[in-house]
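Chains as they are written, first to last, in my numbering: chain U, 981 to 1316; chain V, 12 to 349.
Keep in mind that the hints were calculated from the coordinates and are not lab data.
Just so we're clear, the structure is a prediction, and the values are computed from it rather than from any experiment.
Using N, Cα and C, we set each Cβ at its ideal position, and we do this for glycine too.
Hints may contain errors.
Unchecked claim - Derived list of chain V stretches under chain U, where covered just means 3 residues or more per stretch with a C-beta under 8 angstroms from a C-beta of chain U:
id	stretch
1	162 to 173
2	222 to 231
Stated by the list, open to error - Ranges of calculated distance between the beta carbons of each label pair, as one might list FRET restraints:
id	chain 1	residue 1	chain 2	residue 2	range
3	U	Leu1267	V	Glu314	55 to 61 angstroms
4	V	Gly286	U	Thr1157	19 to 25 angstroms
5	U	Asp1285	V	Glu314	53 to 59 angstroms
6	V	Asp114	U	Gly994	47 to 53 angstroms
7	U	Phe1217	V	Ala309	30 to 36 angstroms
8	U	Gly1247	V	Ala127	21 to 27 angstroms
9	U	Ser1218	V	Glu314	44 to 50 angstroms
10	V	Thr310	U	Arg1082	39 to 45 angstroms
11	V	Glu314	U	Gly1247	51 to 57 angstroms
12	V	Gly286	U	Asp1285	36 to 42 angstroms
13	U	Thr1157	V	Gly219	32 to 38 angstroms
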Amino acid sequence: MAFVEIENLSVAFGRSMALRGINLSVERGEAVGLVGESGCGKSVTWLAALGLLPASATVRGSVWLDGKDILGAPKARLEPVRGGRIAMIFQDPAASLNPVHRIGRQIGEALTLHRGMTGERAKAEVIRLMDQVGIPDARNRINAYPHELSGGQNQRVMIAMALAGEPELLVADEPTTALDVTIQAQILDLLTTLRRDTGMAMVLISHDLGVVSETCSRIAVMYAGRIVEEAPSGQIFSHPGHPYTRGLLGSLPPLTGPRRRLVAIPGSVPEAARMPSGCAFAPRCDLSTELCAQVDPAPLPLADDHSAACVFAKPYQRNVHPVAGEGAFARERVLQ
Amino acid sequence: MSGGTAELLEARDLARSYMMHRGFLGRTTQVRAVDGVSLSLSRGETLGLVGESGCGKSTTARLVLGIEPPDEGAVTFDGTAMPRSGTSNWAALRRRMQMVYQDPLQALDKRLTIGAQVAEPLDIHRIGTSAERRERVAAVMAEVGLQPHHAARHPQSLSGGQRQRAVIARALVTNPDLLVCDEPISALDVSIQALVLNLLMDLQERSGMGMLFVSHDLRAVRQISHRVAVMYLGRIVEEGEPDAVLQDPAHPYAQALVSAIPHPGKTAARVILQGDPPNPANRPSGCAFHPRCPVATATCRTEVPVLKPRRSDGRRVACHVAHGEAAPARAPTMLETC
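Throw the hints in and build the complete structure from the sequences for me.
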């Protein structure tokens, strides 16, 4: 079994289904990218998995951590997991840090909580962590307040806090979206280096296929509360199987070659309270037929480690066959 | 960029400073947000202005529209000097120069219907009878791809893409000659960004307006611009054709910016800039980029480089090293890469 395995996770806020059956696994040391547009549920997936959603949310499914289901586990069992075994960083570091406490103290707090360190030992470790995340002059900067640091440096502080618990998995939720491009490059480089040095696994949540493809070996594309395609990074670009993935790629202005008209995806994301029947992407899809309005397609294997939830997706590797024979109807496996 | 009279927009040596309070005792320092920017734009042309936050690109956009007066320099619009903001001459000119903002939800009034907001510039400039105004609003809404029934809706009940279409419709309703777009797509989802870029390009083709496209997104800028200017700390450091600048950037900052673009399947070495973007209130001496520049020399620390054509190919760049006036501290191939 994988290190973390999310199984049929669904989340509802009242009548709005935010997640509609997510299946995702993360192996030890692996970097997985989670891509999708705003509101597709990529952040909710991990907030739900770590029990960080408000009580008003209805959460179903399982989240297996090393073979034990942590979904809905009591606080005492979850505390060592959150920030300890699985750490999370968010988009806006300034909003996550406490503005009236020195950054050294905030990193130290994480050390006390997760590793029981105090006093000089904690201070030495704070300085080591700040060095590790590339904050210059760490010995003096421990006394700085968040407002005295730039956005990029604050994100480094957040990463240092996340590392304080020596996590086995770091979930980075749009860690570079609020940063400038050159600073984004610094932070992505840092995350890759840290992963190589510590062997931790990472889930990188982003709306930017470029960011994810460079940093992660496997990518899951989400749409309207579902994973619609999952594949190794290279294959997502060479053999995109889902029309939504192709739409995302077509929307990205190319950097070289002739300038072509962008292939935009028409319409907009369905509201969670008004999910269309059948395939949620069908109203925006140029391939959609009557069948798509009836059948909510299950993931169909296209190659080793590559699946797409579209009745029109075609296997491109010889030895891979659809789950249950040929024909679109045979592929249907309506969930729930 | 010779000062031909055919240019729609011509800005010369624009400079703009702000006073900023620093610290507890309110000591004020001068921040030079824009420091000697010259640019020109002809009809039917798009100039992309790229740079990171705080580089002065939005201030430049406001200066060329006359929303703010420059401390130094001058703006000429269609052959005449830009009138002072607030004067009736300036107000009359504003119908010919419009602006599209970053966040459509903030740019729109939540209490007014989309139809009323698109019609507003016509009301302000007293253009046409009320029947003509209704007709024009319907036409421009159709042009940007909004349905007639959207006119009665409020901004909150539209999607992000529809809202930005409404902002664009409002800007276009007076048939402007110049459209200034300040980060028009950065608040939108990727698939919606493509729609808005396509729309802006279609509209320009139909109307022949000039566009100043301010963005931090080099991909979008390449897609839409005929020329691109890269800004760093209040100055243009490089200017040229988008493909030339993207494929063979001359300025070390432009090189870093281009190599920082995340790219599917990218394996090429990346220039990782050291340090943070500098504080405009604490502008480094000489070339403002020198503290982060991998090839900076002693000259770069003391002398401000001038934006001028490179001898080899005429690319406009402001860098001592690119012009061969100073030997690079390290060969560019030795840049720190990953």
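Right, here's what the structure says about each hint:
1. Chain U is given as covering the stretch 162 to 173 of chain V, and this holds because 4 residues of the stretch bring a CB closer than 8 angstroms to a CB of that chain, at least three being needed.
2. A count of 4 residues in the stretch 222 to 231 of chain V with a Cβ less than 8 angstroms from any Cβ of chain U is obtained; the coverage claim is therefore met, three being the minimum.
3. Between Leu1267/U and Glu314/V, the C-beta spacing of about 60 angstroms keeps the proposed range 55 to 61 angstroms intact.
4. Between Gly286/V and Thr1157/U the beta carbons are some 21 angstroms apart, a value that agrees with the proposed interval 19 to 25 angstroms.
5. At roughly 56 angstroms, the beta-carbon separation of Asp1285/U and Glu314/V lies within the given 53 to 59 angstroms, and the hint holds.
6. For Asp114/V and Gly994/U, the hinted distance range of 47 to 53 angstroms is not satisfied, since their beta carbons lie about 28 angstroms from each other.
7. Range check, Phe1217/U to Ala309/V: Cβ separation about 45 angstroms, and the 30 to 36 angstroms hint is violated.
8. Range check, Gly1247/U to Ala127/V: Cβ separation about 25 angstroms, and the 21 to 27 angstroms hint holds.
9. Against the hinted window of 44 to 50 angstroms, the Cβ-Cβ separation of Ser1218/U and Glu314/V comes to about 49 angstroms, which satisfies the hint.
10. Look at Thr310/V against Arg1082/U: about 40 angstroms separates their beta carbons, and that is inside 39 to 45 angstroms.
11. Taking the beta carbon of each, Glu314/V and Gly1247/U are about 55 angstroms apart, inside 51 to 57 angstroms as hinted.
12. Between Gly286/V and Asp1285/U the beta carbon distance is about 40 angstroms. The supplied range of 36 to 42 angstroms therefore holds.
13. For Thr1157/U and Gly219/V, the hinted distance range of 32 to 38 angstroms is satisfied, since their beta carbons lie about 36 angstroms from each other.
Going through the hint list in order, the structure does not satisfy hints 6, 7.
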